[in-house]
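Enquirer: One-letter residues, chain by chain:
2 protein chains.
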Amino acid sequence: MGSQSPRRRELMAGLDIPFTCVTIDADESYPAYLQAGDIPLYISRAKAHAYTSNLHENDLLITSDTIVWLNGKMLGKPNTKEEAKQMLNLLSGHTHQVYTAVCFTWLNSSSSIENNELTDINYQTKQPNYLYESFVDCTDVTFRTLTTKEIEYYVEKYMPLDKAGAYGVQEWIGYIGVQKMHGSYFNVMGFPIGRVYEWLNAFYKA
Amino acid sequence: MGSQSPRRRELMAGLDIPFTCVTIDADESYPAYLQAGDIPLYISRAKAHAYTSNLHENDLLITSDTIVWLNGKMLGKPNTKEEAKQMLNLLSGHTHQVYTAVCFTWLNSSSSIENNELTDINYQTKQPNYLYESFVDCTDVTFRTLTTKEIEYYVEKYMPLDKAGAYGVQEWIGYIGVQKMHGSYFNVMGFPIGRVYEWLNAFYKA
Chain U
1 MGSQSPRRRE LMAGLDIPFT CVTIDADESY PAYLQAGDIP LYISRAKAHA
51 YTSNLHENDL LITSDTIVWL NGKMLGKPNT KEEAKQMLNL LSGHTHQVYT
101 AVCFTWLNSS SSIENNELTD INYQTKQPNY LYESFVDCTD VTFRTLTTKE
151 IEYYVEKYMP LDKAGAYGVQ EWIGYIGVQK MHGSYFNVMG FPIGRVYEWL
201 NAFYKA
Chain B
1 MGSQSPRRRE LMAGLDIPFT CVTIDADESY PAYLQAGDIP LYISRAKAHA
51 YTSNLHENDL LITSDTIVWL NGKMLGKPNT KEEAKQMLNL LSGHTHQVYT
101 AVCFTWLNSS SSIENNELTD INYQTKQPNY LYESFVDCTD VTFRTLTTKE
151 IEYYVEKYMP LDKAGAYGVQ EWIGYIGVQK MHGSYFNVMG FPIGRVYEWL
201 NAFYKA
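Chain order of the listed sequences is U and B.
Quick note on numbering: my numbering labels position 193 of the first sequence as 193, and the sequence is numbered without any gaps.
Quick note on numbering: my numbering labels position 163 of the second sequence as 163, and the sequence is numbered without any gaps.
Fair warning: there could be bad hints in the mix.
In this list, chains with the same sequence are indistinguishable; a pair is considered to hold if it fits within one copy or across any two.
27 Å max Cα-Cα, derived DSS-like pairs, lysine-lysine [as the list claims (entries may be wrong)]:
| no. | residue 1 | residue 2 |
| --- | --- | --- |
| 1 | K205 | K85 |
| 2 | K73 | K205 |
| 3 | K73 | K180 |
| 4 | K77 | K205 |
Quick caveat, the hints were computed from the structure, so don't treat them as lab data.
Note that the coordinates shown come from a computational prediction; the quantities given were computed from them, not determined experimentally.
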C-alpha cells in the first residue's frame, strides 16, 4: 500500500488481509482542466506510476487520493492554519463532495494485448508492463453553520494541515459539525474500504 | 455518562468535555406495544431512572440505547453465535434502521411547574425532582448480500454478542458489508455525537 495516511492504514488493516506500506514520493500536480473525481483519479495514478519500477511479480500496489470539492472548486490540504480556517469557513453551512480515488497496479505477466482492454467502468493504461485499475467514490457531506470559536478551537488544537479540506471527519470537528452525509463514511475518512474489499475479492477470485 | 460501551465512551471523549462514567443496572424490558424509535427512548429513560437517586446538584446524566429495526421487528443483542449468524442473514441484502436514543437527566433545582413544560420535539416527565429530555436519531443502513463464509468469519472472529443486530459498523463487517448509509454514521456506532454536542451547547448556554 502506497500511503502514509494513518487513517488509510487503519482501514486497510481492518480487512484482515496482510499488507505492507511503502513510501512514494510523487508529484501531486494535475492538469488544470480536470474536474471533481478526475483529480484524485489522476493523482492516485501518478502515485502508482512513481512506484512501478519497484514492483515485483505477484505484488499488488494500492494508491489513493482524496479531495474535497465545493461549488466547482477543489480544496486540497491547507498550507497554513490561516488557510485551514478559511477552508472551514467555506465549508460551514454548505454541502460539499468528498472524492476518493483508489488505484490498483500490478505487473502484467502476460503482456498480451487482451489484458489491456478498456472497460466502461474501469481505466487501464496502454503501458505494456503494468496494469492499472481505478475507481472513484463520492460522498456528500453537509456541515451545519460553524461558529468562529469552533473553527478556531479545531484548527489550533487538531492542526489539520495534512487533511484535504482542512478537516478529519473522525475528529472533533466531524463529531460536532457534520449534519448529514450521503454515501460512505469511510470514503470521507479517505479510503472507501467496502469497495476496496469487493475489488480485491473479485481480483483474487479471477 | 451511564454507559459501559467503549464506542460511546470514545465518541463522548472526542467532544473534549470532561465527563465520568458510571455503571447502571437497569431492567431493559419494554412494553410490547412500543415500536421503532420509541423502544430505545423508553430504555434510555429506564436506565436514567435506575440512577436518579445517585444524582447530585449540577450533575447531568447521559444515558443511551440503540436498536436495529428490520421490517417492523427489533433486533437486539444476540444471545448466542448461532443467533448472531441468523441476525446477519436477515440483514444481508436489505436496508434496516438503526435508532439510538439519548436521555439527559438532571436535578430540578427549582421544582417549579414551568420547567416541566412539554415541547413538541422533546419529552419530559412530570416527576418533580428530576428533569429529563431525550431525542432519538435514525440512520438507514443497507448491507449488500453477505456470503455464508463472510458471516461465519465475522461472528467467529469478532463475537458481536454485545451489539444490537449482531454487528459493529466500525468493524470488519461494516468495512466489507455496508453498501450505503443515510444519516449519521456515529448514530450507527451507538451515539449520535453531533446532536449530543448541540444539545449540551444549548443546555449550558441556557
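Enquirer: Does the structure break any of the earlier hints, and which numbers would those be?
Expert: 2, 4
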